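Student: Here is how the chains run, residue by residue.
4 protein chains.
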Amino acid sequence: MSLLADLTAQVLAFRDERDWAQFHTLRNLIVSLNLEAGELLELTQWKNDTEMAALASNAEAHAALCDECADVLIYLLLIADRAGIDLEAAARAKLARNAERYPVETSYGSSRKYSATADGKCRHGP
Amino acid sequence: MSLLADLTAQVLAFRDERDWAQFHTLRNLIVSLNLEAGELLELTQWKNDTEMAALASNAEAHAALCDECADVLIYLLLIADRAGIDLEAAARAKLARNAERYPVETSYGSSRKYSATADGKCRHGP
Amino acid sequence: MSLLADLTAQVLAFRDERDWAQFHTLRNLIVSLNLEAGELLELTQWKNDTEMAALASNAEAHAALCDECADVLIYLLLIADRAGIDLEAAARAKLARNAERYPVETSYGSSRKYSATADGKCRHGP
Amino acid sequence: MSLLADLTAQVLAFRDERDWAQFHTLRNLIVSLNLEAGELLELTQWKNDTEMAALASNAEAHAALCDECADVLIYLLLIADRAGIDLEAAARAKLARNAERYPVETSYGSSRKYSATADGKCRHGP
Numbered sequence: 001m002s003l004l005a006d007l008t009a010q011v012l013a014f015r016d017e018r019d020w021a022q023f024h025t026l027r028n029l030i031v032s033l034n035l036e037a038g039e040l041l042e043l044t045q046w047k048n049d050t051e052m053a054a055l056a057s058n059a060e061a062h063a064a065l066c067d068e069c070a071d072v073l074i075y076l077l078l079i080a081d082r083a084g085i086d087l088e089a090a091a092r093a094k095l096a097r098n099a100e101r102y103p104v105e106t107s108y109g110s111s112r113k114y115s116a117t118a119d120g121k122c123r124h125g126p
Numbered sequence: 001m002s003l004l005a006d007l008t009a010q011v012l013a014f015r016d017e018r019d020w021a022q023f024h025t026l027r028n029l030i031v032s033l034n035l036e037a038g039e040l041l042e043l044t045q046w047k048n049d050t051e052m053a054a055l056a057s058n059a060e061a062h063a064a065l066c067d068e069c070a071d072v073l074i075y076l077l078l079i080a081d082r083a084g085i086d087l088e089a090a091a092r093a094k095l096a097r098n099a100e101r102y103p104v105e106t107s108y109g110s111s112r113k114y115s116a117t118a119d120g121k122c123r124h125g126p
Numbered sequence: 001m002s003l004l005a006d007l008t009a010q011v012l013a014f015r016d017e018r019d020w021a022q023f024h025t026l027r028n029l030i031v032s033l034n035l036e037a038g039e040l041l042e043l044t045q046w047k048n049d050t051e052m053a054a055l056a057s058n059a060e061a062h063a064a065l066c067d068e069c070a071d072v073l074i075y076l077l078l079i080a081d082r083a084g085i086d087l088e089a090a091a092r093a094k095l096a097r098n099a100e101r102y103p104v105e106t107s108y109g110s111s112r113k114y115s116a117t118a119d120g121k122c123r124h125g126p
Numbered sequence: 001m002s003l004l005a006d007l008t009a010q011v012l013a014f015r016d017e018r019d020w021a022q023f024h025t026l027r028n029l030i031v032s033l034n035l036e037a038g039e040l041l042e043l044t045q046w047k048n049d050t051e052m053a054a055l056a057s058n059a060e061a062h063a064a065l066c067d068e069c070a071d072v073l074i075y076l077l078l079i080a081d082r083a084g085i086d087l088e089a090a091a092r093a094k095l096a097r098n099a100e101r102y103p104v105e106t107s108y109g110s111s112r113k114y115s116a117t118a119d120g121k122c123r124h125g126p
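Residue numbers (this note's numbering), protein chains in the order written: chain A, 1 to 126; chain B, 1 to 126; chain C, 1 to 126; chain D, 1 to 126.
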């Protein structure tokens, strides 16, 4: 059993022991993932670049980063389960598409590529 | 090598081939994860509950959900790498804490538990 | 003195009495506005369409909506001040552009217009 | 007629000419405000503090900031209208509460106050 499948099974067992599947609509899970992403963003609030560079080496901040990253992963697993998404396959497919979108020769060392929208799609970069 | 370690290695190789590590500060990665979470949220925009229930079974919408979930996972792996976070351990630790926070007997079938802040911490539920 | 100018003056006086301008970089203010928008989103979490329809008529929820909308407005005024933006002029200009983008004859009663990206720009609708 | 009331009337007229009130549920408007806040955040993506400090003086970036701030304000006016919120009163009431929460003597020049949660409420600061 793959790691993601194993973690997903653990998350679903937690959910079902509490009869919480009824609250886990795709919308609720996506909104919740956004709120957890926001808690991660909150850890950067009011910090300048120097303070950000030191953040991960502060024990309390590191624990908070772990905590919020875990919440994002847990909701991502729940969304994938609810929407019938194979996260590993989706990530590998996306990396393959990004490799075409950002050829090494034209992308090397350039952050400009990040905001390219050649294909008309809103994109924030890989 | 675990799946997450293997996916992370692939993401880091993609990044380093393009010399993009210089753009991947913890702040930039957290902001980017928030923007990708927002693209997931955008897939729910203007949809009522009935439309949301049908979303994942629409081929085009399913592909878009895969795409955005992949982006969220990719940035989450980059954040974990940058901040020195073991995502699997963090998720298992969080599930253990949530099990204490939400005892089955008091949480069963109740969405009220979701907004509990007994410990004074901002929480959006497991 | 216009209302927005008057409110802005009050917000700036509050900030300066506390010597907080040093924390109000454009980035910090934009991140903070996103976090407050997230608190507004949190008020919708776990609620279905029926519960959402009743939300504003619940006294406690109405007070929370007021509170979060106020926070969003306060940060928007601070961003506009920091970036030298005339919010009223910007809003009127945007409404004029939207009127061209969404002609009544083709937009009437259609939510499809909301996701149109004819101009290649990411758009979520007016 | 106050400025906010006048702007709101213009936004509602735009909406009603297109029969769009049917799409403007409180949830849809709050999600849309979050997406527009995200577009504002996107303007900060991949930028370090030095680049951020120069952002507002770049003509193209300034126009984009105006555009996104206008979108946030327009959705905020629509939310206030839908939820029966007096934005001006809400902002003045919030500033009064913040003045109590952050006494000048203890808050002067301190960013620590920003993350205070003495009252147990999630807060990101004024």
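Please keep in mind that the hints were generated in silico from the structure rather than gathered at the bench.
If you're wondering where the values come from, they're calculated on a predicted model, not measured in any experiment.
There could be a bad hint or two in this list.
What follows is a set of in silico ranges between Cβ atoms, one per label pair, in the way DEER data are often shown [said to hold, decoys possible]: (1) A:5 with B:53: 33 to 39 Å; (2) C:19 with A:5: 52 to 58 Å; (3) D:104 with B:48: 46 to 52 Å; (4) A:17 with D:104: 29 to 35 Å.
A short list of chain C residues far from chain A (calculated; beta carbon distances all over 12 Å) [claimed, not checked]: (5) 36; (6) 38; (7) 41; (8) 42; (9) 45; (10) 49; (11) 60; (12) 95; (13) 97; (14) 104.
C-beta: ideal position from N, C-alpha, C; glycine also.
Student: Now look at each hint and say whether the structure bears it out.
Tutor: Structure-based check of each hint:
The hinted window of 33 to 39 Å between residue 5 (chain A) and residue 53 (chain B) is violated, with their beta carbons roughly 25 Å apart. Between residue 19 (chain C) and residue 5 (chain A) the C-beta distance comes to about 53 Å, which sits within the given range of 52 to 58 Å. A C-beta distance of roughly 48 Å is found between residue 104 (chain D) and residue 48 (chain B), which places it inside the suggested range of 46 to 52 Å. Range check, residue 17 (chain A) to residue 104 (chain D): Cβ separation about 50 Å, and the 29 to 35 Å hint is violated.
Separation of residue 36 (chain C) from chain A is inadequate, the least Cβ-Cβ distance of about 10 Å not exceeding the 12 Å criterion. The claim that residue 38 (chain C) is not at the interface with chain A is violated, since a C-beta of that chain comes within 12 Å of its own (minimum 4 Å). Residue-level check failed: residue 41 (chain C) sits 6 Å from the nearest beta carbon of chain A, not beyond 12 Å. At the 12 Å boundary, the C-beta of residue 42 (chain C) falls inside the reach of chain A, the nearest C-beta of that chain being 6 Å off.
Residue placement check: residue 45 (chain C) does not keep its beta carbon more than 12 Å from all beta carbons of chain A (closest about 5 Å). The beta carbon of residue 49 (chain C) is not kept farther than 12 Å from every beta carbon of chain A, the shortest such distance being approximately 10 Å. Residue-level check passed: residue 60 (chain C) sits 19 Å from the nearest beta carbon of chain A, beyond 12 Å. Taking the minimum C-beta to C-beta distance to chain A, about 22 Å, the non-interface status of residue 95 (chain C) holds against the 12 Å cut.
The Cβ of residue 97 (chain C) sits about 18 Å from the closest Cβ of chain A, beyond the 12 Å cut-off, so the non-interface label holds. With 12 Å as the threshold on Cβ separation, the claim that residue 104 (chain C) sits away from chain A holds: the shortest Cβ distance comes to roughly 26 Å.
Of the hints listed earlier, those the structure fails to meet are numbers 1, 4, 5, 6, 7, 8, 9 and 10, in rising order.
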